[in-house]
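So the sequence lines, in the order shown, correspond to chains H and E.
415 is the number of the first residue of the first sequence in our numbering; add one for each residue after it.
26 is the number of the first residue of the second sequence in our numbering; add one for each residue after it.
Because the hints were derived from the structure by calculation, they are not lab data.
Glycine included, every Cβ here is placed at the ideal spot set by N, Cα and C.
Check the hints yourself; a few may be wrong.
Stated by the list, open to error - Here chain H is said to cover these stretches of chain E; the calculated rule only asks that three of the stretch's residues, wherever they fall, bring their Cβ under 8 Å from a Cβ of chain H:
{"hint": "1", "stretch": "31 to 39"}
{"hint": "2", "stretch": "77 to 87"}
{"hint": "3", "stretch": "122 to 135"}
What the hints assert, rightly or not - The following label-pair restraints were derived from C-beta to C-beta distances:
{"hint": "4", "chain 1": "E", "residue 1": "I161", "chain 2": "H", "residue 2": "N465", "range": "39 to 49 Å"}
{"hint": "5", "chain 1": "H", "residue 1": "K435", "chain 2": "E", "residue 2": "P140", "range": "42 to 52 Å"}
{"hint": "6", "chain 1": "H", "residue 1": "E433", "chain 2": "E", "residue 2": "I70", "range": "23 to 33 Å"}
{"hint": "7", "chain 1": "H", "residue 1": "E420", "chain 2": "E", "residue 2": "L44", "range": "17 to 27 Å"}
{"hint": "8", "chain 1": "H", "residue 1": "E464", "chain 2": "E", "residue 2": "G59", "range": "30 to 40 Å"}
{"hint": "9", "chain 1": "E", "residue 1": "N96", "chain 2": "H", "residue 2": "E433", "range": "14 to 24 Å"}
{"hint": "10", "chain 1": "E", "residue 1": "M26", "chain 2": "H", "residue 2": "A449", "range": "33 to 43 Å"}
{"hint": "11", "chain 1": "E", "residue 1": "H62", "chain 2": "H", "residue 2": "R422", "range": "20 to 30 Å"}
{"hint": "12", "chain 1": "H", "residue 1": "G486", "chain 2": "E", "residue 2": "P76", "range": "28 to 38 Å"}
{"hint": "13", "chain 1": "E", "residue 1": "G59", "chain 2": "H", "residue 2": "A449", "range": "26 to 36 Å"}
What the hints assert, rightly or not - Reference excerpt, derived from the structure (chain H facing chain E, CB under 7 Å, subset only):
{"hint": "14", "residue": "E420"}
{"hint": "15", "residue": "I426"}
{"hint": "16", "residue": "F471"}
{"hint": "17", "residue": "Y475"}
{"hint": "18", "residue": "V481"}
{"hint": "19", "residue": "G485"}
{"hint": "20", "residue": "G494"}
{"hint": "21", "residue": "S496"}
{"hint": "22", "residue": "I499"}
{"hint": "23", "residue": "P501"}
{"hint": "24", "residue": "G505"}
One-letter residues, chain by chain:
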Amino acid sequence: MTTAIEVRIPTILRPFTKEQKVVAASGETLSAVIADLDVQYPGIGERLLENGALRRFINLYVNDEDVRFLGGLEAPVKNGDSITILPAVAGG
Amino acid sequence: MTLKISQAHIDAIFEQSRLEYPDEACGVILGSLGKDHAFRLKPMINAAHSPTFYEFDPKDLLSLYREIDDNDEEIVVIYHSHTETEAYPSRTDIAYAGEPGAHYVLVSTREEIAPATEFRSYRIIDGVVTEEEVSISE
């Protein structure tokens, strides 16, 4: 398996990744990368997805571009790309 | 835990809250990594432009985290204003609190207590709210 996509993990999800800030994953779409992450770090997928869609208050970026503008879960990714996960800072 | 904060930062947060009224105002105070020292105030735009909701713009959020990483800083305080209710975390504040290491500061500028104001600080971890003391320096 070639695992050359870098994924930056926010503090709140680091308990899943044994406190690692950056992990490697593989896949050709964001959806596949999340599935791979969930195999490596069980439970993390559920924190990113809800009913098969991206959670509203999780922000994902591929190479610093918000994935909402790249096709969401179908956003294409390739080796060498960098994915950043950030929880929204929001409230009422 | 106690939040240590300067009077100048408190004044700046209230000033921003008044300027952005009736929308909620929001921002962060940054400090050196691991020091828990609120040092650099950075007002943020409330992308929701709402009196009942606040959200950092996703682009601003990414820039903020990049800046913090580059400067070996961390978010010490995440603050926002409540314009009509008390300075206590709302259900949505608790649901979306995503920084377990941050002090969540709420200020209230609601009319019924004017000209008094409220400034309170909390930890919000896994849905549990713990109020903490605020120690003010000059």
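Results of checking the hints against the structure:
no.: 1; hint: 31 to 39; verdict: violated (count 0)
no.: 2; hint: 77 to 87; verdict: holds (count 9)
no.: 3; hint: 122 to 135; verdict: holds (count 5)
no.: 4; hint: I161/E to N465/H: 39 to 49 Å; verdict: holds, 45 Å
no.: 5; hint: K435/H to P140/E: 42 to 52 Å; verdict: holds, 45 Å
no.: 6; hint: E433/H to I70/E: 23 to 33 Å; verdict: holds, 32 Å
no.: 7; hint: E420/H to L44/E: 17 to 27 Å; verdict: violated, 40 Å
no.: 8; hint: E464/H to G59/E: 30 to 40 Å; verdict: holds, 33 Å
no.: 9; hint: N96/E to E433/H: 14 to 24 Å; verdict: holds, 21 Å
no.: 10; hint: M26/E to A449/H: 33 to 43 Å; verdict: holds, 38 Å
no.: 11; hint: H62/E to R422/H: 20 to 30 Å; verdict: holds, 25 Å
no.: 12; hint: G486/H to P76/E: 28 to 38 Å; verdict: holds, 30 Å
no.: 13; hint: G59/E to A449/H: 26 to 36 Å; verdict: holds, 34 Å
no.: 14; hint: E420; verdict: violated, 14 Å
no.: 15; hint: I426; verdict: holds, 5 Å
no.: 16; hint: F471; verdict: holds, 5 Å
no.: 17; hint: Y475; verdict: holds, 6 Å
no.: 18; hint: V481; verdict: violated, 10 Å
no.: 19; hint: G485; verdict: violated, 16 Å
no.: 20; hint: G494; verdict: violated, 19 Å
no.: 21; hint: S496; verdict: violated, 11 Å
no.: 22; hint: I499; verdict: violated, 10 Å
no.: 23; hint: P501; verdict: holds, 3 Å
no.: 24; hint: G505; verdict: holds, 4 Å
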